[in-house]
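Novice: Protein chains in written order, with my numbering: chain F, 1 to 103; chain A, 104 to 649; chain D, 650 to 1153; chain X, 1154 to 1345; chain G, 1346 to 1996.
Rather than coming from a laboratory, the hints here were simulated on the basis of the structure. Backbone N, C-alpha and C fix where the C-beta goes; we use that ideal spot for every residue, glycine too. A hint or two may mislead.
Label-pair ranges, simulated between beta-carbon atoms [as the list claims (entries may be wrong)]:
hint, chain 1, residue 1, chain 2, residue 2, range
1, X, R1237, D, L682, 39 to 45 Å
2, A, Y468, G, G1947, 26 to 32 Å
3, A, Y468, G, A1906, 53 to 59 Å
4, A, Y468, G, Y1918, 40 to 46 Å
5, D, Y1138, G, A1933, 52 to 58 Å
6, G, A1933, A, D608, 37 to 43 Å
7, G, A1546, A, D608, 30 to 36 Å
8, G, G1372, A, V579, 21 to 27 Å
9, G, K1786, A, K414, 49 to 55 Å
10, A, Y468, D, K1038, 22 to 28 Å
Calculated pairs, BS3-like style, for lysine-lysine (alpha carbon to alpha carbon, straight line, at most 27 Å) [as the list claims (entries may be wrong)]:
hint, chain 1, residue 1, chain 2, residue 2
11, G, K1965, F, K102
12, G, K1905, G, K1786
13, G, K1508, A, K472
14, G, K1508, A, K484
15, G, K1718, G, K1901
16, G, K1370, A, K484
17, G, K1786, G, K1803
18, D, K1038, D, K1106
19, A, K414, G, K1943
20, F, K102, X, K1247
21, G, K1903, G, K1786
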Amino acid sequence: MIAAIEPSWYLIVASLLFAIGAFGLLVRNNPLVMFMCIELMLNAANLTFVALATSLGDINGQTAVFFVLVVAAAEVVVGLGILVSILRRRPGATADDLAELKG
Amino acid sequence: MLAAEVTHAGAGAFPLLTALIAVPMVGAVALLFTQRSRPEFAKLLALMFSAVTGAMALWMLKEFDQSADGFQFVSQHTWIEDWGIGWHLGVDGISLFLIVLTAVLFPLAIVGIDPHHDEKPYLAWLLMLEAGVIGSFLSLDLFLFFLFFEIVLVPMYFLIGGWGYEDREYAATKFYLYTFLGSAFMLVALVATAMLARDDLGYLTFDLVDIAEGSNFAASTGRWLFFGFAVAFAVKVPIFPLHTWLPDAHTQAPTAGSVVLAGVMLKLGTYGFLRFGLYLFPEASVWSRSLWLTLAVIGIIYGAIVATMQKDLKRLVAYSSIAHLGFIVLGTFAFTSQAISGSVLQMVNHGVSTGALFLLVGMIYERRKTRQIAELGGLQKVAPIFAAGFMVVMLSSIGVPGLNGFIGEYLILIGSFQSARWWTVVATAGVILAALYLLWAYQRVFHGEPDEDNASFPELKMKEGLVLLPFLVAIVFVGVYPQPLLDRIEPSVDRLVAHVADNTDIDADPDYTTQRGEFEPEHGDDGHGEDDGHGDEADDHEEGEG
Amino acid sequence: MNVLAQADTLPISEPEIWWFALSPLLTLVGGALLLMVVGALTPQWPRGLYAFVSAMIGGAAGVLAIFNWDDISDNGPATLVGGALAFDTFAMWSTIVISGAVVLVSMLADEYIRDTPNDGPEIYALLLVAAAGGIVMASANDLIVLFLGLETLSLAFYVLAASNRRSDASAESGLKYFLLGGFASAFFLYGIALVYGATGSTNIGEMVTSLANRGDSGNDVLALAGIALLLVGLGFKIAAAPFHVWTPDVYQGAPTPITAFMASAGKAAAFGALIRVLISGLPSFRDDWQPIIWVLAVASLVVGSFLAVVQRNVKRMLAYSSVSHAGFILVGVEAAAHTAGEADGGMGISSVQLYLLLYSVIVIGSFGVVALVAREADADLSVFDGLAKRKPLLAGAFTIFLLAQAGVPFTTGFIAKFGVIQAGVDAESYGLAIIAMVTAVIAAFVYLRIMVAMWQKDVEDDAPAITVPVSAAIAIGFAAVFTLVAGLYPSLLIDWSDAITLVR
Amino acid sequence: MNTTFLEYVVFFAASVMMLGGAIGVVTMKNPVHSALGLVLTLFGVAVQFVAQEAHFLAAVQVIVYAGAIVVLFLFVIMLLGVDRAVDLSIEPIKIQRPLAAVMAVGLVALITAAVIEAGDAIGTLNPGTGIDTATVEDPDSNIQQLAQNLYNDHVLAFELTSVLLIVAVVGTVLMTRKWPKRSADEGSEVGA
Amino acid sequence: MLELVWLIPAFPLFGFLTLLLAGRKLGEPFAGLFATAMVGASFVVSALIYFDLLGMDEAERSHTETLFSWVPVGDLQIDMAFLVDPLSIVMCLFVTGIGALIHLYSIGYMHGDPKFSKFFLYLNLFILSMTLLVLGSNLLVTFLGWEGVGTCSYFLIAFWHTKDANATAGKKAFVTNRIGDFGFMLAMFLAFGAVGSLDYAVINDSALAGTLTVATATGIGALLFVGAVGKSAQLPLYVWLPDAMAGPTPVSALIHAATMVTAGVYLMVRVNPVLGAAADWVPTTIAWVGALTALFAATIALAQNDIKKVLAYSTVSQLGYMFLAVGTGAYVAAIFHMITHAMFKALLFLGSGSVIHGMHDEQDMRKMGKLFKLMPITASTFIIGWLAIAGVPPFAGFWSKDEILLFAAADSWVLYAIGIVTAILTAFYMTRQVIMTFFGKAHWHDNADDHEAQGDFKPHESPPFMVLPLIVLAGLSIVGGLVQLPSVGIIPSEWQHKLLDWLHPIVEFGPSAEERGIGEAIIVGTTADDLQIPLMFVAIGCALLGIVVGWLVYQKRKIKAFEPELLRDGWHYDDAISWFMGNPGRAAFQEIADEDQKVIDGAVNGVATVVRVSAGEARKGQTGYVRQYAGVIGIGVVLLLGWFVVIRGIL
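With the sequences and hints as input, model every part of the structure.
Specialist: Given below as structure tokens:
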């Protein structure tokens, strides 16, 4: 290995990214932004995969990232589809506005 | 030593016990296909099925080999092989009369009580209930027993909820949940029993006989398991302080529901204690007897006191059941042949007399549309025959000698006195209270001058009389000549007592011809005979002695 | 699946593929494609044909799974496609359950969906694909494959939940499900990553081997962190408290047949995955995660039963009750945990699978009735008032399902509960077993409430008429009969479930 | 060493980029700005990939994410016209922010703790055969290895992604297809 | 003949069943006649058996006739069996004999009552029970009869149940008796535990043989005495008997004077070997309870105005005498007094019934007076009864009371003093009653308005059905003493102690018995025995003293009548009990019943409420905000991570 950076550094940075994403999902009200936060979390996971693959010297981690990318893409498509269908009916609706089901 | 099972000669050909369960079940299903608009046809059909069941039960009674102490008419088939569960039915002296009582009570309830609406489902539930109750009494497999023990809740729930009085939803739900809660513990204990017995037996089985004879639980294990079973039975009995579902359920249930509930369903608890408590966990039963005896005695006194102050006639009878069942529990945990035989007999007796009481209270309600004691009065003047019937049943319930209630109560007390002296002394005091609340109620309802509403109280009708008659006959017959019953009950009870004695240090057959009982005189001037008295009794009831 | 293109320069040796073993999966995916492609190319099909085809495909997958089961019984379990999938009785059982759910739900959905502009092949295609995803989850022998299966299932569910576009509730439930599902998936993925780092592989078989040889490695902490996150993702899918929060809202908002599918196939798949990951993959950490399973089980039991009590909406009641059922199934998982990784696996896994099968039928039946009586999200209890007088058979069937859910004897519900309790007791988890039974009592109150409404309340005058379409009637009828008959004579099912093993 | 120092620089630069972008996503009032923050993060991640010799993934990251996904986001934002700034100082759910903070801090702390505890042991258990990195002689080596792995060990997963995409397609069709208006039950049908 | 003993209860049973089925059809007076005939038949059978026994050797005079096995469980083998021996047959004789007379009387007394046949139904049932009581060969059969008579007593007290007081009195009698039964039952349990049987033969033999320990014997004896106290209306349980006068007068005569209430005495005599084997305090207590009851009841009787109440308290008092006898070992005297008392008290009651009948249901003596001329036969016979109870020789009561006093004196002079004071009081209040009713000033016309027959109301003599038994009983009251004449010189020795001889060996006597401290007390050689004749004159003197003073007070009005409220109210004993039961007792019951609802049921409903409320609170957590759900999941994540990383991993 040539990388001098400890793998744990990457992991810690990734955990920060992940936490920011999770935090964002909790505090933001706009479903699109919440959605972006999920992407942040997935990216954190990806970074973790790659860092671990590097430290393991194992290509499987990288392959996994490849799959995650596809998943993320599919998820975005579906998610945006749902969002569009909702926001078309109720323009400007926030996540908090969609709280009719409760209790 | 007890493993031998007696299969009755000639009974092998026809699966009688299975039929006892199947016939009412089939009847219930058959009723579903009748027309809603033809209630009388449904009633006829239901009556037919229940009568056939009753006839089969009576035939079983006739064929029952009274000298044998094991299970008879045994029907055993594998059912869920992987879990060691079998369709294992059998009858012995302990269950015999309970089954006969059940099978006879239902046709009477069907004939005698009119639900007023929705006859078809009502009758179907009744028949299903009958199948469940009989099944519970017949099951010799823990799993099977639990199935039946649980299933009876459903028809009862619907009967109370569908045909009951004002507060029926509350009462039905309370009944269901309360008893279900008890069973929850039992289920866990039951499974644990089978699982732990597997270590001793070498195979997984839920068979009662196999487990009881083959297992050897460590003391602490057995106690926990017993406790699990006991909770369910204690709720069902009900033992103080787990009783409050009963008054509500009884009061709100339709008459047939009350009759069946008091007549046979409560016995599932006391029967369970005998069949599954003592038989499976003799050590734990003996170990915990002080608790049960104490609760039983509290129940006797407490039920009577609370009954005294009831304003609702049905509630009063319900509380009286709590007191009466206290006696049965007392007898069960006395571990003497007399006491347990008395308990078994008293189960039947209570079924007859309290069943009849509920029937009569139901008739009063039919006529007056009230159960409030305060609104009744002077009925003896306008309906003397009705009053006479009520009186006989009431006296039986009080425990007047010559009637059935006395025999059971007496056997329980005399048997318990030998092994649980001070509890019995208190319990005997409960006999006084029984007279108090019932006579007081009788006075308020039947004595005095009838007011305007009560003056037109109709006399007992022919049909009602015919329904009541079997109860009265049973009350007097058992009171005067209980021997045929006792002869059949006793061998099985002796066997049970011997089983308990084998596994504990209880003396199954104390020798009464030598001096043993010490009545502590106030003077304390006589100490002799102290030692040989204790040897006969459980080592752990010094608290009662001292 | 087409054979992969090979570049001349790349010596790629594709793994051996045993097509018949994959046939249930292929059937479902192929069926979905067929529906979409043929559906797109032809004009509107006759009424009910989409549903029929979907049901047939589901049935075919189930039948193929049965053949495979036979094969496994004879030749023993194996792994497929380079160790990506497990080919064992456990997987086949899940396949059968999920395929069965497809059949029943398709029949239920037919009439329901016909009333909407969605009456095309899409819904059914999504059902089939979701089923395929679920089967992959339950058969996955690789965490990445598991993740992909989970995403396939989830994405399909998100869309299905939101598919009734006339209903705000449906849209809301879809969005909520999507956001929370994505959130949970991210945790799950992160967990996979960490476990991968700690074990050097995502393949379950390799994980077990490497963990068995791990010695005194500091990596354990990383693996533990990963397990925690895996449990979050799986806990979310199985709707175990406190990760159940989405369940009531989504179950209520989603079109009712879809809810039925989620509660049956979704649960079966998720529990399959849970067992794969924990029992198959991580037995060496069982002392670490077993207490969490215990806690999740208790929390689910308590939360599910308590909250169900205070609901007014029948769909929400059933949703919360499904949470408590999840708790029950977790009792079986907890039992299996005691012997995870040992030769004698105990009764846990069998009991879980048996529960899933029996519960699936019950819950589909239950929601099927709800779908007919209260078509939309507003399934208030009062809608069921006097149902017994209006539709006695329907009310009778619902009563059977409710009794079964309450665990009343002579129904499959009891057998299911008995199985997990037995497994729990066998594993000496007495406390958990008792808690489970006590909460079952509380939950019983819910079912009693619905029964009271049906049998003892009077019909509201302005209640809309209830029509019972034939296909739904068949599905509900089958479910009711199955619930009773299998409850009465469960030995065959139990016998089969006892043969459930996990590939090692 | 220079190389090492450079790596530190790259690492920190990329991390700042990545985390800064992430913070931007969370804190930007306008969703469009959030999307741009996302782009920043994605690039940061891509740089991190490159730093770890995962060139192919870095490329795909940029193409798929930045090129497709973010564009899709922006497209939807514009389509729906939700590109309005919102006031983030108001939090309608009181407990939400402390909750989120606790969660975020907890997550970071616990995972960091785990990582630090694992320390040198990371990557020691069951290590792989090594990752081919792009060299001058064989610029495709990483890609080839990846491909081989993809089509060999992960062929099923790969095929599953196609199923996933089917779902996406069918789902989107279902969600976005126009429904005929039905005046009767237009409006809320949500339960009380 | 002895084998036919079952016929004794069988006749009344047959009568009962017949009346049950066809009573209304038989109607008046045939139902009554039929019932009377049945009891009469029993009497005949009893008499035949009596003569049969008479012809046997003393040792053979015991026969157990087993009908069937009644309650057989293991060691407990209880037969439905009758014991024929001198004691039981004597009891049978007077139960059926007096019973038959009272039946006869009732035909007249109950004339016109709408429930005429039912009355006889109950009476027959009563006789059946009573014969079972006395014939039972074991404690349980006796108990069957014991409870049976109690139940009949309940029925008959509450016979006119439309009046609340009657119903209450009936219930009171039953419940109070049950308190006594408590003792009876425990005694049986103890006996079974000790000897494994409830047969009198086994228990008594074991007591005689000395195998019964003192402790056990004490227990059995004391507990049976508790039973006897209840049934025989002794302190502190006598309260029900005065109230029992609410029943028809023949019932008072039959049940609450002649037969049932003496069952306790019978029982004590029946198990006299056990009492002998018991600790000394048992007989002493019995004696004292008897003596005190005798005195206490006599004082109350002094101030009663209800003609039947006087007799009721008098009955309590006389029963006290019997227990005094039992306690002092004078078993034979107890039986003797029981028999004579049955005769004269039945006579008095029936006489009072006749008066009440003649007065159109008036019971207040203050509204009577000067009835002698109007009701000569009733008055004459009543006077005979009066003399008998007052202890005037040669009437029956004198002999029996005198024997009791003799034994009391032999035992303790204090007891004797109490007895003799009671004797004076008895003579006094009975004199008061006779004068107020039959002599003195006529008050009945003052209150004529109160009576049904207004204006021309005039008391009249009763019909022959009623008068005939009076005459018979009067005759018996005169000669009853012949049964057991004392060993006083002027009486021929073969006439002496007939009853004592007859009851041997049921009541053991003689040196060997004395040695073991059982059986009849031996008074030979005591001071009392030496003073037998003087004591006899003292008793006669006391009786005369009471009569004279009574005559002076009520007839001559020379001395002001002393009738304090306290006595009239029975020392407020009954009131106190009623108050206690009605107020704190009832309140306590109500409290417990309320607590049942509040605490126990409250706990059950409380659990339900806790579930509902806590779930309701938890439900609010399900806010519908998706972000909050994510927060919940997030917290779950942190907790899980905390567990795995910190607790399981790092620690």
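Novice: To test your reading of the hints: which numbers does this structure violate?
Specialist: Failing hints: none at all.
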